[in-house]
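S.K.: Given next are the chains, with one letter for each unit.
Protein chains: 4
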Amino acid sequence: MAKIPVGILGATGMVGQQYIALLANHPWFEVKYTAASPRSAGKKYKDAVAGRWNASGGDYQKEVGELIVGDANDLSQAAAASKAGDCAFVFSALEMGKDETRALEEAYAAAGIPVISNASAHRWTADVPVLIAEVNPDHADIIPAQRKKRGWDRGFIAVKPNCSIQSYMTPVYALVKAGYPVERLIVTTLQAVSGAGYPGVPSLDMIDNIVPYIGGEEEKSEQEPLKILGSICDGAFENAALPKISAHCNRVPVTDGHTACVSLEFGSKKPSIDEIKKIWASFKSLPQELDLPMAPKQPIIIREENDRPQPRKDRDADKAMAVVVGRIRPCNVFDIRFTALSHNTVRGAAGGGILNAELLKHKGYI
Amino acid sequence: MAKIPVGILGATGMVGQQYIALLANHPWFEVKYTAASPRSAGKKYKDAVAGRWNASGGDYQKEVGELIVGDANDLSQAAAASKAGDCAFVFSALEMGKDETRALEEAYAAAGIPVISNASAHRWTADVPVLIAEVNPDHADIIPAQRKKRGWDRGFIAVKPNCSIQSYMTPVYALVKAGYPVERLIVTTLQAVSGAGYPGVPSLDMIDNIVPYIGGEEEKSEQEPLKILGSICDGAFENAALPKISAHCNRVPVTDGHTACVSLEFGSKKPSIDEIKKIWASFKSLPQELDLPMAPKQPIIIREENDRPQPRKDRDADKAMAVVVGRIRPCNVFDIRFTALSHNTVRGAAGGGILNAELLKHKGYI
Amino acid sequence: MAKIPVGILGATGMVGQQYIALLANHPWFEVKYTAASPRSAGKKYKDAVAGRWNASGGDYQKEVGELIVGDANDLSQAAAASKAGDCAFVFSALEMGKDETRALEEAYAAAGIPVISNASAHRWTADVPVLIAEVNPDHADIIPAQRKKRGWDRGFIAVKPNCSIQSYMTPVYALVKAGYPVERLIVTTLQAVSGAGYPGVPSLDMIDNIVPYIGGEEEKSEQEPLKILGSICDGAFENAALPKISAHCNRVPVTDGHTACVSLEFGSKKPSIDEIKKIWASFKSLPQELDLPMAPKQPIIIREENDRPQPRKDRDADKAMAVVVGRIRPCNVFDIRFTALSHNTVRGAAGGGILNAELLKHKGYI
Amino acid sequence: MAKIPVGILGATGMVGQQYIALLANHPWFEVKYTAASPRSAGKKYKDAVAGRWNASGGDYQKEVGELIVGDANDLSQAAAASKAGDCAFVFSALEMGKDETRALEEAYAAAGIPVISNASAHRWTADVPVLIAEVNPDHADIIPAQRKKRGWDRGFIAVKPNCSIQSYMTPVYALVKAGYPVERLIVTTLQAVSGAGYPGVPSLDMIDNIVPYIGGEEEKSEQEPLKILGSICDGAFENAALPKISAHCNRVPVTDGHTACVSLEFGSKKPSIDEIKKIWASFKSLPQELDLPMAPKQPIIIREENDRPQPRKDRDADKAMAVVVGRIRPCNVFDIRFTALSHNTVRGAAGGGILNAELLKHKGYI
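So the protein sequences, as listed, match chains A, B, C and D.
Heads up: the first sequence is residues 1 to 366, going by the working numbering.
Heads up: the second sequence is residues 1 to 366, going by the working numbering.
Heads up: the third sequence is residues 1 to 366, going by the working numbering.
Heads up: the fourth sequence is residues 1 to 366, going by the working numbering.
Don't read these hints as lab results, they were simulated from the structure.
Check before you lean on any hint, since a few could be wrong.
[What the hints assert, rightly or not] In silico DSBU-like pairs for lysine-lysine, Cα to Cα no more than 30 Å straight-line:
| hint | chain 1 | residue 1 | chain 2 | residue 2 |
| --- | --- | --- | --- | --- |
| 1 | C | 284 | B | 278 |
| 2 | C | 44 | B | 297 |
| 3 | A | 46 | D | 3 |
| 4 | B | 269 | B | 284 |
| 5 | D | 284 | A | 43 |
| 6 | A | 363 | A | 220 |
| 7 | B | 278 | C | 46 |
| 8 | C | 44 | B | 62 |
| 9 | A | 244 | B | 277 |
[Unchecked claim] Residues on chain B that point at chain D, a partial pick, calculated with CB under 10 Å:
| hint | residue |
| --- | --- |
| 10 | 180 |
| 11 | 197 |
| 12 | 251 |
| 13 | 285 |
| 14 | 303 |
| 15 | 306 |
Computed from a predicted model, the values in this text were never measured in an experiment.
C-beta: ideal position from N, C-alpha, C; glycine also.
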């Protein structure tokens with residue numbers, strides 16, 4: 001089977017690089033088009049990232065290094081690539097302002113190029129799904145309504161949630177799905193610096209220090225889960241009412257891997273610690289059933305040691321696509337508490353985006 | 001006025017060193033006796049700490065460097081020092097097992113040498129006060145009952161709480177005292193490595209990593225506040241019933257300074273954010289009224305910037321004795337949330353112990 | 001005695017901040033004027049540095065926080081400040097391009113405002129002295145010739161060398177002065193991130209990593225010492241011929257404090273290790289004789305422990321103005337080797353600049 | 001072909017763990033026996049390393065986790081394992097004292113079990129080869145003489161050099177082999193903490209700090225290369241006379257990867273920078289010709305970017321077995337200088353040991 005040619009928007013940024021690293025040997029997709037800001041446009045990809053390649057997943061392929069970077073703002077270049085058979089859809093890792101991103105992603109979709117995005121611009125657009133492949137794969141099925149409403153034929157927009165919630169969203173969903181609705185949740189995150197891109201966080205802030213603030217992150221952490229757990233109603237998403245979430249987001253001196261300390265309260269039905277472990281250890285969803293290439297075999301891995309998960313030791317579990325959970329114990333205030341970890345630029349960004357694309361391919365949207 | 005001669009038990013450890021650094025120019029006290037484990041005993045102090053001096057407060061005084069380290073287990077040495085006028089009381093920073101520590105501290109007290117301790121051994125002894133000078137200075141007044149019950153004349157034991165609660169205990173107390181009881185509190189701490197002593201945490205665990213576990217720390221964080229907020233009843237402490245606390249304790253790559261992310265719920269009386277800021281900014285207690293040498297002018301300092309407090313920038317505020325609080329905002333689940341920071345080996349250990357000694361001196365117990 | 005009012009150019013950058021921190025309680029000087037780029041100009045100083053204050057020497061004075069930042073490019077503002085008695089001379093910590101800096105510093109001098117600069121722009125100007133107060137204080141005496149040649153009356157320009165050479169330049173000079181010329185020197189530096197300003201080095205480059213390159217640093221390290229050790233000839237500097245220096249400059253995850261590993265070869269006269277220690281331990285120069293306020297009591301401090309100097313433990317020695325040397329031992333290839341450390345933003349930047357100003361004041365140039 | 005069963009002595013330490021991680025899917029060898037100190041002996045391997053597994057190469061195999069750890073001091077256990085077909089030879093990663101190690105390794109060899117060792121104990125034994133497979137593979141051919149002299153039939157001892165020299169030893173050898181003898185070399189190393197084992201370096205020494213000393217490391221760095229470049233003469237090694245080496249060894253906050261800043265001087269024949277690059281880029285040796293499983297395809301990789309090699313980005317090059325070299329440029333004092341990097345626990349320890357074993361297997365000694 002010939003591979004599907006894909007384009008990467010924002011290809012020189014941190015997440016764009018991670019896409020390219022992860023797609024190096026992908027069985028279905030192959031990077032044939034890259035685009036970035038005017039500063040990089042016109043250069044060879046290898047020159048555009050010289051001295052700033054930071055993807056944790058290894059080096060870029062030689063062929064990608066030779067690609068001439070396009071101007072992401074110039075839709076005619078993407079259209080030409082698409083016409084030439086080099087860009088069946090794009091992964092968007094754009095790092096521009098919200099309004100420009102929103103408009104640009106819509107322009108690509110209108111031009112018949114599906115957009116699978118990491119940007120936050122469209123997360124609150126009523127007809128755009130915010131997908132975690134194991135949690136709400138059915139949300140993809142809003143695409144026909146989206147296309148119809150927008151007058152798009154092939155194009156569409158599907159997005160990913162913020163990386164900060166990735167560590168605990170799947171565990172929480174697994175409990176909900178098993179019949180134990182979560183009503184309230186207080187979480188403190190210890191987030192890696194790669195989440196801020198490159199150059200990102202200054203080293204003076206991260207030597208012998210932590211920073212107890214990440215702009216916009218707490219709001220996203222509290223609101224996005226409600227859309228993800230919501231339902232489609234008349235071609236638009238309706239948020240779930242619960243859980244109520246309060247987030248404290250911190251930046252810590254870790255390259256990759258967001259850690260979350262979670263305390264949560266169930267409704268009237270409360271599982272035991274043992275039941276919870278069983279639910280998590282056995283949790284599988286559509287990506288596992290379909291055996292999608294990027295899907296972790298086991299989406300939630302439990303570590304029984306007292307002192308795990310740890311970023312350096314656990315972030316790469318199962319292609320860096322699994323969530324690793326530990327310290328599952330009763331909470332002295334709510335019902336239970338635990339620590340969860342996921343790789344923010346893989347599971348929480350490019351890897352999650354690729355898994356979404358695999359799901360959308362399976363569903364026939366690309 | 002001649003200075004009061006003091007001894008340091010566990011003088012070569014991290015906290016013992018910090019005592020010596022902080023007492024370098026103390027107006028009331030002067031280190032005339034040091035004792036440690038048999039390994040160090042008999043050496044000059046400067047030789048016993050060669051290559052392992054880590055106090056953040058600067059170097060030791062030349063005179064202390066020349067002291068011959070005693071054997072902390074050998075009470076006759078302390079008794080001799082006491083007789084010679086070199087040891088009116090001791091600061092205990094012993095790092096041995098709980099049972100040995102408990103027995104040894106009692107032996108010192110029985111020998112007429114008051115013990116002001118950082119060790120956890122006696123924190124749950126019914127007639128031993130766990131003092132934070134600004135929070136429960138009146139708890140010191142159990143000492144006459146303690147002496148009487150034990151048959152001690154001059155000796156007594158008073159201790160400090162765990163360093164992990166120091167960042168938020170004073171802010172919580174200030175609210176309670178202002179008429180706003182706190183009922184529930186969920187806290188995640190990001191604790192500095194100096195809290196584990198030296199050699200303490202291996203560097204392999206603290207480069208590009210965090211460790212989501214500190215043995216015993218969460219239990220202490222949840223229980224000690226209840227004794228501190230409790231009351232004396234028939235010569236023994238009775239715990240407060242509230243607040244109910246749940247703690248997640250993490251080790252992070254920071255040398256000094258414990259950070260705490262706190263969400264808390266009041267009872268029916270709920271202050272506004274503005275009232276809280278006013279309460280904290282104006283909070284003063286007995287150490288401030290007495291203008292004790294080690295007391296911070298303002299026990300709770302509020303930083304209004306989004307991204308403060310930070311360990312490297314805020315831990316040294318007011319001789320490293322103040323608690324610095326920031327990000328005071330409504331909580332999406334409880335009532336309010338905030339981030340608090342204090343220097344763990346100063347405010348949370350040796351500095352807090354010295355302030356307790358100053359208080360006990362003022363009250364006439366030493 | 002009324003204090004001399006000084007201005008800081010580039011006042012919001014890393015070195016500018018350090019100037020302000022260090023001048024907080026200076027007995028002779030007082031900051032009355034600040035200027036920076038147009039981005040900061042017009043704001044209160046406290047607002048211009050909000051969220052980016054990183055000086056290691058503590059906080060800024062309240063009065064300086066209230067100053068309105070001037071536009072460093074607008075000489076009329078400085079002239080007005082000068083006229084108003086707020087700016088007898090300026091410390092320049094400008095961070096613009098070389099040519100602009102050169103021109104701007106000359107414009108200040110021409111306007112009658114002496115410039116004591118940290119910028120590299122004028123280090124190779126033939127009639128501008130590159131001063132280390134303990135090494136070549138007599139180089140200041142080119143100022144009359146400089147003024148005459150330029151047609152300046154009060155104004156002049158004097159500069160500091162690069163921070164990377166500060167750790168070993170004074171020790172090398174002390175040996176030369178004692179009659180032991182150094183012919184060849186190979187040095188590897190491990191330089192702190194504060195040397196790159198703020199935001200400076202990205203944290204992704206400094207977690208679990210070092211970077212073996214700092215643009216331009218090796219060239220400066222090899223050439224500047226020759227001017228410093230050179231002599232005045234017909235109103236211009238003539239370089240020394242020796243030592244020949246080869247430098248490897250690395251960036252390491254340290255906030256403050258540059259470390260240098262030095263191997264050096266003498267000419268035919270070779271001192272013993274003991275003689276070297278004696279020379280260094282007893283080295284004093286004009287700043288010590290004059291007891292200038294910023295001068296370290298002992299410019300070179302020797303640590304005899306195997307594992308010193310270390311940045312965190314030794315950078316603050318004697319107001320962070322001393323050079324700390326250790327591991328003095330024979331070299332297996334050259335004659336001797338040693339490790340030297342100095343605080344790069346104090347001794348190597350703002351502190352060194354202030355000491356130069358004190359020297360120039362003593363000499364009557366300001 | 002059935003795999004050859006191997007034993008690991010010191011299996012629970014840092015290097016022992018790395019052996020087990022790297023042998024997980026080795027085509028020739030398979031771990032069937034593990035031994036360690038009495039503290040671990042008798043436990044399952046997985047229990048013996050619980051909470052202290054730190055190998056960078058991934059997790060241990062399930063089967064190894066279930067092995068009962070033997071007592072390394074008890075030769076009868078190894079002999080039994082050998083008899084049972086579980087231990088054709090051992091990798092020694094013993095961490096005991098020098099004399100005990102020396103005696104114990106000899107006892108294994110005498111018992112007919114070849115010892116391929118990482119320990120330093122036998123590096124200066126006259127008839128024991130110190131092997132870098134690409135540099136002195138012929139040194140293995142002293143084994144018949146060693147066996148004869150010692151009266152051993154199957155057993156022998158072969159060792160590896162110190163990890164600190166691994167980064168520059170192969171580049172230096174490649175130059176020598178190409179006809180450009182190196183006469184003098186001054187090197188500063190920036191060494192990773194994993195080189196000190198676990199717990200190893202305290203985190204308090206590695207946050208915002210470097211330590212300019214590693215016990216014994218400089219002596220090893222200066223002397224071992226001379227044996228490696230030496231020759232066999234009457235069944236014993238004779239050292240090379242050159243190069244004369246001077247080493248400054250530092251510990252830096254990096255998990256894995258030793259960096260070396262090298263300045264070197266040739267004899268009268270001096271290659272150009274271009275020739276050097278050609279020599280290094282094309283360097284291959286016996287392991288490459290034989291295509292040994294652990295051999296890097298290209299032992300010396302040149303990076304042309306200004307700021308490489310960097311530990312985090314380059315240590316894993318070609319299975320972490322290549323040396324990565326950059327910043328090749330003229331030296332201002334000697335002839336050339338460059339920066340070189342290798343993975344200290346793989347290329348510099350377990351991986352190098354495995355490659356030596358592959359070579360010795362090829363040569364028929366095991």
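S.K.: For the restraint on residue 251 of chain B, tell me whether the closest CB of chain D is nearer than 10 Å.
M.R.: holds (9 Å)
S.K.: Was the hint right that residue 180 of chain B lines chain D, CB cutoff 10 Å?
M.R.: violated (38 Å)
S.K.: Minimum Cβ distance from residue 303 of chain B to chain D below 10 Å?
M.R.: With a closest approach of 22 Å, the residue 303 of chain B hint is violated.
S.K.: Are residue 44 of chain C and residue 62 of chain B close enough, with their CA atoms no more than 30 Å apart?
M.R.: violated (45 Å)
S.K.: Between the alpha carbons of residue 44 of chain C and residue 297 of chain B, is the straight-line distance 30 Å or under?
M.R.: holds (27 Å)
S.K.: Holds or violated: residue 285 of chain B as interface residue toward chain D, Cβ cutoff 10 Å?
M.R.: violated (33 Å)
S.K.: Under the criterion that the straight-line Cα-Cα distance not exceed 30 Å, is the pair residue 363 of chain A, residue 220 of chain A satisfied?
M.R.: holds (28 Å)
S.K.: For the pair we were handed, residue 284 of chain C and residue 278 of chain B, check the Cα-Cα distance against 30 Å.
M.R.: violated (53 Å)
S.K.: Within a Cα-Cα threshold of 30 Å, do residue 269 of chain B and residue 284 of chain B meet the stated pairing?
M.R.: holds (22 Å)
S.K.: Below or equal to 30 Å on CA atoms is what counts here, so check residue 284 of chain D against residue 43 of chain A.
M.R.: violated (34 Å)
S.K.: Is residue 244 of chain A within 30 Å of residue 277 of chain B, Cα to Cα?
M.R.: holds (26 Å)
S.K.: Please work out if residue 278 of chain B and residue 46 of chain C have their alpha carbons no farther apart than 30 Å.
M.R.: holds (23 Å)
Hints 1, 3, 5, 8, 10, 13, 14, 15 from the earlier list are contradicted by this structure; the remaining hints agree with it.
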